[in-house]
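Next come the chains, spelled out residue by residue.
2 protein chains.
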Amino acid sequence: MSEHEHIDAGLMSSNFDMIQSLPLNVKQRVCALKKLQTKSIQVESDFYKRVHELEIEFEAKFKGLFDERRAIVTGEKEPSPEDVNVPILEGLEAEQLAELYKHTEADPSVKGIKDFWLTAFKTHDLVAESMEEHDLPILSYLTDVTTSASKDPAGFVLEFHFAQNPYFTDSKLTKQYVLAFDPEEDAPLSFDGPHVVRAIGCNINWADGKNVTKKAVKKKQKKGANAGKFLTKTVKADSFFNFFEPPKSKDERNEDEDDDSAEEFLELDYELGQAIRDTVIPRAVLFFTGELQSDEMFDFQGEDGDEVSDYSDDDA
Amino acid sequence: MSEHEHIDAGLMSSNFDMIQSLPLNVKQRVCALKKLQTKSIQVESDFYKRVHELEIEFEAKFKGLFDERRAIVTGEKEPSPEDVNVPILEGLEAEQLAELYKHTEADPSVKGIKDFWLTAFKTHDLVAESMEEHDLPILSYLTDVTTSASKDPAGFVLEFHFAQNPYFTDSKLTKQYVLAFDPEEDAPLSFDGPHVVRAIGCNINWADGKNVTKKAVKKKQKKGANAGKFLTKTVKADSFFNFFEPPKSKDERNEDEDDDSAEEFLELDYELGQAIRDTVIPRAVLFFTGELQSDEMFDFQGEDGDEVSDYSDDDA
Numbered sequence: 001m002s003e004h005e006h007i008d009a010g011l012m013s014s015n016f017d018m019i020q021s022l023p024l025n026v027k028q029r030v031c032a033l034k035k036l037q038t039k040s041i042q043v044e045s046d047f048y049k050r051v052h053e054l055e056i057e058f059e060a061k062f063k064g065l066f067d068e069r070r071a072i073v074t075g076e077k078e079p080s081p082e083d084v085n086v087p088i089l090e091g092l093e094a095e096q097l098a099e100l101y102k103h104t105e106a107d108p109s110v111k112g113i114k115d116f117w118l119t120a121f122k123t124h125d126l127v128a129e130s131m132e133e134h135d136l137p138i139l140s141y142l143t144d145v146t147t148s149a150s151k152d153p154a155g156f157v158l159e160f161h162f163a164q165n166p167y168f169t170d171s172k173l174t175k176q177y178v179l180a181f182d183p184e185e186d187a188p189l190s191f192d193g194p195h196v197v198r199a200i201g202c203n204i205n206w207a208d209g210k211n212v213t214k215k216a217v218k219k220k221q222k223k224g225a226n227a228g229k230f231l232t233k234t235v236k237a238d239s240f241f242n243f244f245e246p247p248k249s250k251d252e253r254n255e256d257e258d259d260d261s262a263e264e265f266l267e268l269d270y271e272l273g274q275a276i277r278d279t280v281i282p283r284a285v286l287f288f289t290g291e292l293q294s295d296e297m298f299d300f301q302g303e304d305g306d307e308v309s310d311y312s313d314d315d316a
Numbered sequence: 001m002s003e004h005e006h007i008d009a010g011l012m013s014s015n016f017d018m019i020q021s022l023p024l025n026v027k028q029r030v031c032a033l034k035k036l037q038t039k040s041i042q043v044e045s046d047f048y049k050r051v052h053e054l055e056i057e058f059e060a061k062f063k064g065l066f067d068e069r070r071a072i073v074t075g076e077k078e079p080s081p082e083d084v085n086v087p088i089l090e091g092l093e094a095e096q097l098a099e100l101y102k103h104t105e106a107d108p109s110v111k112g113i114k115d116f117w118l119t120a121f122k123t124h125d126l127v128a129e130s131m132e133e134h135d136l137p138i139l140s141y142l143t144d145v146t147t148s149a150s151k152d153p154a155g156f157v158l159e160f161h162f163a164q165n166p167y168f169t170d171s172k173l174t175k176q177y178v179l180a181f182d183p184e185e186d187a188p189l190s191f192d193g194p195h196v197v198r199a200i201g202c203n204i205n206w207a208d209g210k211n212v213t214k215k216a217v218k219k220k221q222k223k224g225a226n227a228g229k230f231l232t233k234t235v236k237a238d239s240f241f242n243f244f245e246p247p248k249s250k251d252e253r254n255e256d257e258d259d260d261s262a263e264e265f266l267e268l269d270y271e272l273g274q275a276i277r278d279t280v281i282p283r284a285v286l287f288f289t290g291e292l293q294s295d296e297m298f299d300f301q302g303e304d305g306d307e308v309s310d311y312s313d314d315d316a
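Protein chains in written order, with full-length UniProt numbering: chain A, 1 to 316; chain B, 1 to 316.
Hints may contain errors.
Same chains, same label: a pair holds when it works inside one copy or across any pair of copies.
Taking lysine to any residue pairs in the SDA-like style, the calculated list, with each CA pair at most 25 Å apart, reads [claimed, not checked]: (1) LYS39 - GLU184; (2) LYS27 - VAL145; (3) LYS250 - ASN165; (4) LYS122 - GLU184; (5) LYS27 - LEU118; (6) LYS61 - ARG50; (7) LYS35 - THR74; (8) LYS229 - PRO137; (9) LYS218 - GLY64; (10) LYS223 - ALA180; (11) LYS114 - LEU36; (12) LYS222 - SER21.
Calculated directly from the structure, the hints in this document are not laboratory data.
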């Protein structure tokens, strides 16, 4: 389904009064349609499973191209002259392109493409907003971002590959999303395609004093024996790397945790994961060059729908 | 790709200065990546073709269920007692449900479900906005809405089935969308999935004086022999039925027609067609009951992205 929809509890139904006033036999016909609706939603769910299988099949076709990209980005491979005969930016006149190349000499000391992924991340709105100033030098060591989908468990993993760096000892950080393709048992009619059920992060082996996801704050004690004294306390700090410590899923939460806000966090976390998987990874060079930007900034089409009734004008 | 993106002419690139300052050998590496990007976009295009084939395959699985729906809506078939043992609205307590059924008797004179499609249309924002008051009595004769996808030409047809009515002689009105699954030759990097290339409507055989897409207006002549006199002129009127006289595609337009605004109209027309195909048809009963509503009205998540960096808080 191309739009997000929302299923309300029956009392909220915008057509409640009309439904209430229907003759009994018509009400029963509507019930029969709802039973059919549950069946067709199950067919939809099977459709989404097949699309996921297609995604797995196509990953193999993308892999060779993405491996070549990594080799060029890291400097493992130098492109051949035939590989480079395309304009570096689209839509430029020949002289503009020439201007772009003016006064540029080769620099044999530069290996690969410096800050390729960092720059792509910074150019994608949603990803950029998850980054803090202190994350940038760390993300400068990012050499590749890959994804692989799986059928069991259904979902996908994002892998962030890092060159050796002074921040942590890991060469790879991972984030996994487990998805559900079946309608929820207690609310099958609210099915709207695959949905996230769990996000699984990874432990980061930070070097001493390098963990940007924590910060020390001094707090004046208000009560107790130490009242009036300052104590140092470690608290969470905003960082892109919190992405690897994802929100808890339903069955990981305590009873006293707020389910709704936890679900919302999980959805937002998934939105970021999807953006990296579906947009940044397959289009990285276009974000690097700055030619591609999320439309969210300037395109609000369809939001109020006003334009749509505008088919006809009165000049005909 | 889950988001809409926008590819700018190179001059608009947000990273223009950085690109300009890259050493020549690094620039060449970026060009090589752009060549790879074109290749991976071709793979994506193949993926979307396969998804379209899956859609065609799944239509057969939906058909039986949608045929049953039509039979119940039109009164061709009465559901059996086992078919109706589900609540008419979701999420109600037993007593609320009982209240909903109170004082309702069967009315043997009512055939099928009156105004089923009209009500579903009125409940879907985007479709509702394309409808005018004078369309409602006509759409009350709508008995079914179906869709079928095809591979050659790639695209889909919407069929609107009507009972015999005093407005037009047609029993079926159709709207076809021809889609392109390949990147555009002159701008392959702006590919963002299948896009509409042509919308094809149908002629409506209106009964005399019943054509709601036209209206007579009296106009005072300003010039010429008839200056000062009132002449009656027929002009286009707003109507849902303008949907069957779609915006012209690129090669149908005259040179002096505004390409950009024509393309925009075609996009908006396609948006409406997609909403009917992907949302109203597969979920009609939920729009009829008013349980499902487009989220566009109240859900603006991700628009400014603010919430996404909100993973961590400072209480840990």
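Alpha-carbon proximity between LYS222 and SER21, which holds within one copy, between copies, both or neither at 25 Å: Result: close neither inside a copy nor across copies, 62 Å intra and 55 Å inter.
Intra- versus inter-subunit Cα pairing at 25 Å for LYS218 with GLY64: neither (51 Å within a copy, 68 Å between copies)
Alpha-carbon proximity context of LYS114 and LEU36, limit 25 Å: between (56 Å within a copy, 18 Å between copies)
Copy assignment of LYS250 with ASN165, given that the CA separation must stay at most 25 Å: neither (35 Å within a copy, 53 Å between copies)
LYS35 and THR74: within-copy, between-copy, both or neither at 25 Å Cα: between (56 Å within a copy, 17 Å between copies)
Identical-chain pair category, LYS39 with GLU184, by Cα at 25 Å: Close inside one copy (13 Å), not across copies (39 Å); limit 25 Å.
Identical-chain pair category, LYS27 with VAL145, by Cα at 25 Å: Answer is between: at 21 Å across copies they meet the 25 Å cutoff, but 54 Å inside does not.
Within, between, both or neither, where LYS229 and PRO137 count as close if Cα-Cα is 25 Å or less: Neither, since 36 Å and 77 Å both go past 25 Å.
Homo-oligomer pair classification [ARG50, LYS61; C-alpha up to 25 Å]: both (17 Å within a copy, 14 Å between copies)
Intra/inter-copy verdict for LYS223 and ALA180 if alpha-carbon distance must be at most 25 Å: Neither: 48 Å inside a copy, 69 Å across copies.
Homomeric proximity label, LYS122 with GLU184: Cα distance no greater than 25 Å: neither (37 Å within a copy, 28 Å between copies)
Same-copy or cross-copy closeness of LYS27 to LEU118 [CA-CA at most 25 Å]: For LYS27 and LEU118, only the inter-copy Cα distance (17 Å) is at most 25 Å; the intra-copy one is 58 Å.
Violated hints, listed in ascending order, are 3, 4, 8, 9, 10, 12; each of the other numbered hints is respected by the structure.
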